[in-house]
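*Asks:* Position chain B relative to chain A; hints supplied.
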Amino acid sequence: MNVNVVISSDYSIISVEGRVDTTNANEFEKAVMEVVASGINRIILDCSGLNYISSSGLRVFLIVQKKMMASKGELRLCSLQPGIQEIFDISGFTSIFSIYPDKDLALK
Amino acid sequence: MISIRNLSKHFGDLVVLKDISTDIKKGEVISIIGPSGTGKSTFLRCLNLLETPTGGEILIDGLSLLDKKSDVPKIRQKMGMVFQSFNLYSHLTILENLTIGPVKLLKKGRDETNKKAFELLKLVGLAEKAYSFPDELSGGQKQRVAIARCMAMEPEILLFDEPTSALDPTMVSEVLSVIRRLVREGMTMVIVTHEMEFARNISSRVFYMDQGVIYEEGTPEQIFDNPQKERTKTFIHRIRSLTHHISSKDYDLYALQGEVETFCEKHMLSKKESDYLALITEEVLCLQSDFSDIDLSLSYSEKDGTLEFVCASKGTPLNPLEEGVADDDIGLRLIKSRCKSVGYKYENGKNILMLTVKGE
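Protein chains in written order, with this note's numbering: chain A, 1 to 108; chain B, 1001 to 1360.
Chain A with its partners taken away, still in its complex shape (with noise of 0.2 Å):
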């Protein structure tokens, strides 16, 4: 897994690549809260590069919204793959987030 983040002042894009599981989700939650904790409250979390998420992963992101929630901030997610998509339907995840098609329209 890769987290890459850029900082802007508007929306903060945290890319995320490869798997997010069981192994690595600890891993995921410290790189993305250390972003929420230095006070970023607008966020794109771009999942283009996101080929597998257990049920850790999507827990972590339940984490973040939270969070996000909490200090009024606010959390989009952009383009994820199909089979993401469809973890996203089947574990209710979809009606928790915002989700766009791709990053131009979560910049929006």
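Since the hints were derived computationally from the structure, they do not count as laboratory data.
Among the clues, some could well be false.
In silico DSS-like links for lysine-lysine, alpha-carbon gap of 30 Å or less [as the list claims (entries may be wrong)]: (1) B:K1336 x B:K1266; (2) A:K66 x B:K1336; (3) B:K1272 x A:K103.
All of these numbers come straight from a predicted model, not from anything done at the bench.
*Replies:* Below, chain B without anything else, positioned relative to chain A:
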């Protein structure tokens, strides 16, 4: 008609047949099926002493084949054997191949023998080849001649050792139809075969042989539709399986999922099924609380395409698939979405989850 008691055969240290006992009645058609190298052909060859048994007893109509006082050649004449590789005399015509045995061994007259040979050649559909030589015939025709030659010796029992294994697939049916015809005439037969549909259709009983024993026997319906024992099920359903043992919480998830992916590729399962299994594997393990002794097994039936995932984990009874057991239901939702059915049982100190994975 044939009684076999405690039959065994060793080749040096190699035990090929172990203590086999069974009875074959007059008019029965017995098919012997099973994996290669499990003693099927050796069993058949012991029945007419092409191999000398190491121990046990074979009785044909009450006469012992292994008793030195018995007239063994006379008893053996009751049996004819058809081999995988035909074994015809290449320097003799088809007619001569059929008549040499009755004339020389049974001391029958030439006219009578020729008449009978033509009848038999008609029976196997080869009367017009009577004056041809074996090399002028196709494999299927040679095997039909071999069957007719066996019949010319007027045996009471026919033994077939994989009679279609050496044939081009296009020639298998012609040989099988000749054997079917003999079945209709009430001949007692023992057939070692890999032709499962044929065995199902013609047999009165089926022996499933494995590791040198008749591991399971029954009617074709019992063996092919409802096998009771594990190895029979694996063979009949052409089940391919993968097993993996976990003994620590620090198991290697990536190695395990890699094995699952390789298994799927090897058995031509779809990318979707492979992805489903990777997720199920992780989610099932996420639901476990005791990692000291977990056995995972994945079984794929080539026959009906069923893909089953079983997780057996040592511990006190607890069904992690029950709602409310885990902290949240995310994992459970993912598992259920990827499975046709999920089941749980507690057996021998293990919580066993049985999942049937969705296919294409």
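*Asks:* Hint by hint, note whether the structure agrees.
*Replies:* Status of each hint after checking the structure:
Note on K1336 of chain B and K1266 of chain B: the hinted pairing holds, with a Cα-Cα distance of about 26 Å set against a maximum of 30 Å. Our distance criterion of 30 Å between C-alpha atoms is met by K66 of chain A and K1336 of chain B, whose separation comes to about 26 Å. For the hint pairing K1272 of chain B with K103 of chain A, the CA-to-CA distance comes to about 27 Å; that is within 30 Å, so the pair holds.
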